[in-house]
Amino acid sequence: MNYFDKDLASLHADLVAKKLSAKELTQATFDNIKATDPKIDAFLNLNEDAALDQAAKIDAEGINADQPLAGIPMGLKDNIVTKGLTTTAASKILANFKPVYDATVAEKLADAQMINVGKTNLDEFAMGGSTENSAFKTTKNAWDQTKVPGGSSGGSAAAVASGQVPVTLGSDTGGSIRQPAAFNGIVGMKPTYGRVSRWGLIAFGSSLDQIGPMTRGVKDNATVLSAIAGHDDHDLTSSTQAVPNFAADLNDATSVKGMRIGLPKEFLAEGVNEDVKAAILAAADTYRKLGATVDEVSLPHNKYGVAAYYIIASSEASSNLQRFDGIRYGYRADDVKNLEDVYVKSRSEGFGEEVKRRIMLGTFSLSAGFYDAYFIKAAKVRTVIINDFKAVLKDHDFIMGPVAPTTAFGIGDEIKDPITMYMNDVLTIPVNLAGLPGLSLPAGFSNNLPVGMQLIGRPFDESTLYKAGYAFEQNTDFHLQVPTLGGQN
Amino acid sequence: MANRINREQVQHVAGLAKLEFTDAELDAFTPQLDDIIGMFETLSEVDTDGVDVTSNVSDQINVMREDVADNWGQSEDLLHNAPDAARGFIKVPAIIDESEDNA
Numbered sequence: 001m002n003y004f005d006k007d008l009a010s011l012h013a014d015l016v017a018k019k020l021s022a023k024e025l026t027q028a029t030f031d032n033i034k035a036t037d038p039k040i041d042a043f044l045n046l047n048e049d050a051a052l053d054q055a056a057k058i059d060a061e062g063i064n065a066d067q068p069l070a071g072i073p074m075g076l077k078d079n080i081v082t083k084g085l086t087t088t089a090a091s092k093i094l095a096n097f098k099p100v101y102d103a104t105v106a107e108k109l110a111d112a113q114m115i116n117v118g119k120t121n122l123d124e125f126a127m128g129g130s131t132e133n134s135a136f137k138t139t140k141n142a143w144d145q146t147k148v149p150g151g152s153s154g155g156s157a158a159a160v161a162s163g164q165v166p167v168t169l170g171s172d173t174g175g176s177i178r179q180p181a182a183f184n185g186i187v188g189m190k191p192t193y194g195r196v197s198r199w200g201l202i203a204f205g206s207s208l209d210q211i212g213p214m215t216r217g218v219k220d221n222a223t224v225l226s227a228i229a230g231h232d233d234h235d236l237t238s239s240t241q242a243v244p245n246f247a248a249d250l251n252d253a254t255s256v257k258g259m260r261i262g263l264p265k266e267f268l269a270e271g272v273n274e275d276v277k278a279a280i281l282a283a284a285d286t287y288r289k290l291g292a293t294v295d296e297v298s299l300p301h302n303k304y305g306v307a308a309y310y311i312i313a314s315s316e317a318s319s320n321l322q323r324f325d326g327i328r329y330g331y332r333a334d335d336v337k338n339l340e341d342v343y344v345k346s347r348s349e350g351f352g353e354e355v356k357r358r359i360m361l362g363t364f365s366l367s368a369g370f371y372d373a374y375f376i377k378a379a380k381v382r383t384v385i386i387n388d389f390k391a392v393l394k395d396h397d398f399i400m401g402p403v404a405p406t407t408a409f410g411i412g413d414e415i416k417d418p419i420t421m422y423m424n425d426v427l428t429i430p431v432n433l434a435g436l437p438g439l440s441l442p443a444g445f446s447n448n449l450p451v452g453m454q455l456i457g458r459p460f461d462e463s464t465l466y467k468a469g470y471a472f473e474q475n476t477d478f479h480l481q482v483p484t485l486g487g488q489n
Numbered sequence: 001m002a003n004r005i006n007r008e009q010v011q012h013v014a015g016l017a018k019l020e021f022t023d024a025e026l027d028a029f030t031p032q033l034d035d036i037i038g039m040f041e042t043l044s045e046v047d048t049d050g051v052d053v054t055s056n057v058s059d060q061i062n063v064m065r066e067d068v069a070d071n072w073g074q075s076e077d078l079l080h081n082a083p084d085a086a087r088g089f090i091k092v093p094a095i096i097d098e099s100e101d102n103a
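Protein chains in written order, with UniProt numbering: chain X, 1 to 489; chain B, 1 to 103.
Zero decoy hints are in this set.
Some, not all, of what chain B presents toward chain X, calculated at C-beta under 8 Å:
id: 1; residue: A14
id: 2; residue: A17
id: 3; residue: K18
id: 4; residue: L19
id: 5; residue: D35
id: 6; residue: V53
id: 7; residue: T54
id: 8; residue: D59
id: 9; residue: Q74
Quick list of in silico lysine-lysine cross-link-like pairs, BS3-like style, CA-CA up to 30 Å:
id: 10; chain 1: B; residue 1: K18; chain 2: X; residue 2: K137
id: 11; chain 1: X; residue 1: K337; chain 2: X; residue 2: K92
id: 12; chain 1: X; residue 1: K34; chain 2: X; residue 2: K57
id: 13; chain 1: B; residue 1: K91; chain 2: X; residue 2: K98
id: 14; chain 1: X; residue 1: K337; chain 2: B; residue 2: K18
id: 15; chain 1: X; residue 1: K108; chain 2: X; residue 2: K19
id: 16; chain 1: X; residue 1: K98; chain 2: B; residue 2: K18
id: 17; chain 1: B; residue 1: K91; chain 2: X; residue 2: K337
id: 18; chain 1: X; residue 1: K394; chain 2: X; residue 2: K265
id: 19; chain 1: X; residue 1: K303; chain 2: X; residue 2: K277
id: 20; chain 1: X; residue 1: K23; chain 2: X; residue 2: K98
id: 21; chain 1: X; residue 1: K137; chain 2: X; residue 2: K147
id: 22; chain 1: X; residue 1: K390; chain 2: X; residue 2: K265
id: 23; chain 1: X; residue 1: K6; chain 2: X; residue 2: K23
id: 24; chain 1: B; residue 1: K18; chain 2: X; residue 2: K92
id: 25; chain 1: X; residue 1: K147; chain 2: X; residue 2: K92
id: 26; chain 1: X; residue 1: K6; chain 2: X; residue 2: K34
id: 27; chain 1: X; residue 1: K92; chain 2: B; residue 2: K91
id: 28; chain 1: X; residue 1: K416; chain 2: B; residue 2: K18
id: 29; chain 1: X; residue 1: K83; chain 2: B; residue 2: K91
id: 30; chain 1: X; residue 1: K34; chain 2: X; residue 2: K23
id: 31; chain 1: X; residue 1: K57; chain 2: X; residue 2: K98
id: 32; chain 1: X; residue 1: K98; chain 2: X; residue 2: K137
id: 33; chain 1: X; residue 1: K265; chain 2: X; residue 2: K147
id: 34; chain 1: X; residue 1: K18; chain 2: X; residue 2: K34
id: 35; chain 1: X; residue 1: K277; chain 2: X; residue 2: K257
Keep in mind that the hints were calculated from the coordinates and are not lab data.
For each residue, glycine too, the CB sits at the ideal point set by N, CA and C.
Isolated chain B (complex conformation):
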């Protein structure tokens, strides 16, 4: 077990995905992800030499349009969905840590 992905790698991937897990969650997730990645590795049985990738199955190719700005006039409705807003702007906490520890 845990030979395909280990706890540190799971934590690294969580960081990339902007997620955090408790120790108990990491204990549960690590072997589970390892098993699923093991299932992924069955793909190595398929010979794909010279095979192209498929990233899209749409029959439309490179549809172009004019780049024209459009004002939907809905900024107030949009701001209603923001967790915190004031005077027509979305409010967010400071980018830099403002806690006393770092003062």
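Pulled out of the complex, with its shape left as it was, chain X reads as follows:
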């Protein structure tokens, strides 16, 4: 079974026509994972027995023609809790954690009759851009196994790119869906803050975190977002805005005609690789040919995003991660003399280096004497960055640019240098600070590694991004190129 040839609509048609059963499709997914995962290391934990049972049950009931996701396999990033199925956030501190409830997104996909095949690898607690911070294993890029898959949703990205599974969910706090999607040549959506419930997402930076779909194509992505979005009483930051049927609007490959697109000069500035720049300029030409105007615009405070983000996200993380104290769940250190020892030793032994670094940065930024100079200053710079976006999006339908300054870098190349690693997120972080939707999609290649393009929209206007992404996809062939990897070819 070769997923690279099929989008969700054609898989659905085959399931409805009984050319394919959900059980066959699910079994083929596990066969693919078993054939390719020794090379890719995308999955932390498979849900094989339950998934095959669920598929058999769906087959027995019959596939509902109105349910486009019924019987389709998917994987979840392992910071999304799943009832009874080990959920680790790729941390030693949660190595044996079995959640007692399902995240809202897991519940919604189960209601849509999708089949959860397992949990994908990530940087510990979603902190990182390479998946090298996982306590368990390093996922490899689907295109070149000496390169990182990006992060933190590296397992989710590599699983889709290597044809293991057609859909995964990731989470994005500073670029963690978009950058790995770009590094693996797939489509990833970071929705507007509040579009998708965060209930059951193990919290990192609560004012920044969003869950979103990762797929091979734009239309598939839109279909999954409609299924997971919407208000949730369990997450009162989730929006009551109506959820469109995003995929229904995607029929016209020329729908960008007449649109105004902003291309910020800062997105092509110093530090952005020449091949990446060339791919984005070529994409701008594609949009012009389709009848859109592309203007050079400016986001003058973009470069301050990284500093503001590492203060805000680390501060929120230091607070969120206080709950890991060795008492109610998770790792507890042996050899403790008193309660204080339980806290300090469990945390010091249970958290990895990057997580401790973020807790330290956050605790410092919030501590007496430094709070105004760091946390409050960052929260004000956040407002300035939001205003930059507002000014551009006032008279532009969306913003385009690269996802990351480079293509995937080598495993081991940057992990010892936190600031270099942090700067990789310079083009994705501001979008989280502003709470805007950001879509990553394939836009070219450099030395056989995918280049990703990012489209940034107005709040709750994922629809325009999908339309523009779909138009680009229909007029280019980057998304049709797939890595050559044992198992599916």
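Using the hints provided, position chain B relative to the given structure of chain X.
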């Protein structure tokens, strides 16, 4: 180097965060945190006079609900996740040091 944060301050922050570091870790962490805090200080270039803070970008404001207790009936499942439990309770070591040194 180490003019923004020194080793003692790193140890102080670690105490606040309930973390401990070996000497070797402190040697590595102190200059690294110092460099990152140096990167933070570039924010002073941005004029934020009269600018409000943003702490939240949700479009929902003060959503209220009744404060109703809900029993999920899952205390046993929850206790399975506790590192140590007995008779329906989570077990923890004594709050006060029980080692012989302090006897």
